[in-house]
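Engineer: Same order as they appear, the protein sequences are chains A and B. Residues in the first sequence are numbered from 2 upward in steps of one, following the numbering used here. Residues in the second sequence are numbered from 2 upward in steps of one, following the numbering used here.
Please note that a few of the clues may not be correct.
For identical chains, the list gives no copy identity; a pair is met inside one copy or between any two copies.
Said to hold, decoys possible - Within a straight-line C-alpha distance of at most 30 angstroms, the following computed DSBU-like cross-link-like pairs (lysine-lysine) qualify: (1) K28 with K183; (2) K200 with K24; (3) K138 with K24; (4) K248 with K176; (5) K238 with K135; (6) K135 with K200; (7) K243 with K187; (8) K20 with K135.
No wet-lab data here; the hints were simulated from the structure.
2 protein chains.
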Amino acid sequence: MEPISIKNISTKAPDGWDKEATKLKTKDILAELNELQNLLYAENKHSVLVIFQGMDASGKDGVVRDVFTSMNPTGIRVYSFKVPTEEELSHDFLWRVHKVTPPRGMIHVFNRSHYEDILVTRVHGMIDDATAQKRIKAINDFEQLLTEHANTTILKFYLHISQEEQHEQLVERLKEPSKMWKYNSKDFDESAQWDTYMKYYEEAFNSCNNIPWHIIPADQNWYKSYLVATILRDTLKGLNMKYPGIKKG
Amino acid sequence: MEPISIKNISTKAPDGWDKEATKLKTKDILAELNELQNLLYAENKHSVLVIFQGMDASGKDGVVRDVFTSMNPTGIRVYSFKVPTEEELSHDFLWRVHKVTPPRGMIHVFNRSHYEDILVTRVHGMIDDATAQKRIKAINDFEQLLTEHANTTILKFYLHISQEEQHEQLVERLKEPSKMWKYNSKDFDESAQWDTYMKYYEEAFNSCNNIPWHIIPADQNWYKSYLVATILRDTLKGLNMKYPGIKKG
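Taking the hints into account, I'd like the entire structure generated from these sequences.
Structural biologist: Now the structure itself:
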């Protein structure tokens with residue numbers, strides 16, 4: 002596999018891409034997803050873990066809302082990982098995520114994930130490089146465990162925005178009353194570390210790639226949601242699921 | 002409060018009730034719910050626990066799908082309570098539900114609940130009456146704890162179907178391939194205990210009524226979903242929520 006070089010990937014839809022046609026297509030895909038999720042739940046054989054990573058204001062919350070609101074919440078759980086609690090820190094870094102991996106029939110969505118443990122922690126010098134390398138190996142082993150032993154399909158998305166778009170979004174949070182609650186005074190300090198984040202993100206993509214990353218151009222919400230919904234739809238279709246018959250006993 | 006007598010409550014919409022107009026109204030209410038849930042999450046002050054009880058095939062899964070699919074799954078968690086596990090049984094009966102009560106900002110939906118511990122358990126003679134009475138007191142105390150100490154608003158719905166409608170639905174499960182997975186060979190045995198269930202349900206409604214029960218005529222899906230959505234919308238509106246400003250610090 003060609004290594005991922007983040008700077009060479011556009012953060013936007015290709016020039017001339019039809020926005021309105023794409024929005025209509027997305028609507029159809031969401032209807033398909035609703036059916037497919039019902040089937041996944043009924044068949045109770047596979048599980049799906051969808052991981053979203055991305056810089057602040059890259060639209061992780063928004064894509065979860067846009068893509069997963071169409072599905073029956075009985076079969077969906079969204080987990081947002083924040084700064085670890087004292088209890089979480091007293092275990093290994095995978096403990097808190099392993100607790101909430103999806104059982105059969107379910108789709109679990111991670112809004113941030115165990116990848117923060119080799120991202121924000123490295124940017125802030127909280128772990129040294131040797132520890133990071135050990136964590137990378139542990140992450141690969143963990144994802145293999147879920148894939149091989151829990152019949153879990155893992156989808157990893159990086160929401161790829163430009164720093165300019167991020168700044169616009171952060172400024173929006175300061176101005177728009179319905180978004181103020183999302184603003185954190187440290188957001189701009191974090192943004193100042195952009196290049197360091199990109200370096201470690203790139204390393205994550207290229208060293209944790211047994212399950213490949215999807216780099217999603219994310220400056221435009223409509224394009225981002227369309228891509229994520231399409232990949233999820235194709236993945237679910239690929240499971241070749243069917244409704245089970247009547248249970249015995 | 003007038004005691005609830007289940008036999009005197011219709012399982013259907015009033016005669017002449019306009020089905021198509023109701024469906025349109027429900028659509029509008031779902032759009033309102035989407036907004037209100039976003040506000041609940043943003044304000045992060047209240048939490049909501051929605052409990053659904055009802056006989057097999059009364060449409061608990063369906064109403065969860067119809068009413069809650071419109072909301073961002075980041076702020077919704079649905080918990081279906083099945084036969085307790087060995088670990089759950091080695092604790093008090095409220096342990097497994099208390100673990101998953103909603104934190105601030107969240108709506109949790111219970112598909113069946115701690116009420117099963119004074120319903121199915123009594124129908125099958127698994128607990129005696131003295132134990133049932135103690136459990137009723139414990140349930141009242143528990144619901145008061147959540148209301149007073151966790152700022153949780155509790156909504157309790159009983160999906161009220163006729164035994165005839167239940168039989169139609171169960172037969173449908175035997176015939177329709179996409180529903181067969183829901184069929185359980187014990188469903189008809191349980192149905193044969195209808196009157197005993199009703200007796201214990203009625204006692205639950207009348208002895209656990211500090212937080213009142215909503216008895217929802219449930220033979221028609223469109224009417225049931227409309228009523229549940231309306232009550233939820235009015236409840237959320239009544240919280241007088243507002244978007245918080247920018248966090249300090």
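Engineer: None of the hints should be skipped; say for each whether it holds.
Structural biologist: Hint check:
For a Cα distance limit of 30 angstroms, the shortest separation of K28 from K183 qualifies both inside one copy, at 27 angstroms, and across copies, at 28 angstroms. Taking the shortest alpha-carbon separations for K200 and K24, neither the intra-copy value of 33 angstroms nor the inter-copy value of 52 angstroms comes in at or below 30 angstroms. For the homomeric pair K138 and K24, neither the shortest alpha-carbon distance inside one copy (39 angstroms) nor that between copies (53 angstroms) is at most 30 angstroms. For the identical chains of this complex, K248 and K176 are inter-copy neighbours only, at 13 angstroms across copies versus 56 angstroms inside a copy, given an alpha-carbon limit of 30 angstroms.
Taking the shortest alpha-carbon separations for K238 and K135, neither the intra-copy value of 35 angstroms nor the inter-copy value of 50 angstroms comes in at or below 30 angstroms. In the homo-oligomer, the alpha carbons of K135 and K200 lie at most 30 angstroms apart inside one protomer (18 angstroms), although the nearest pairing across protomers, at 61 angstroms, exceeds that limit. Taking CA atoms no more than 30 angstroms apart as the test, K243 paired with K187 passes between copies only; the shortest distance there is 24 angstroms, against 48 angstroms inside one copy. In the homo-oligomer, the alpha carbons of K20 and K135 never lie at most 30 angstroms apart, since the shortest distance is 43 angstroms inside one protomer and 61 angstroms across protomers.
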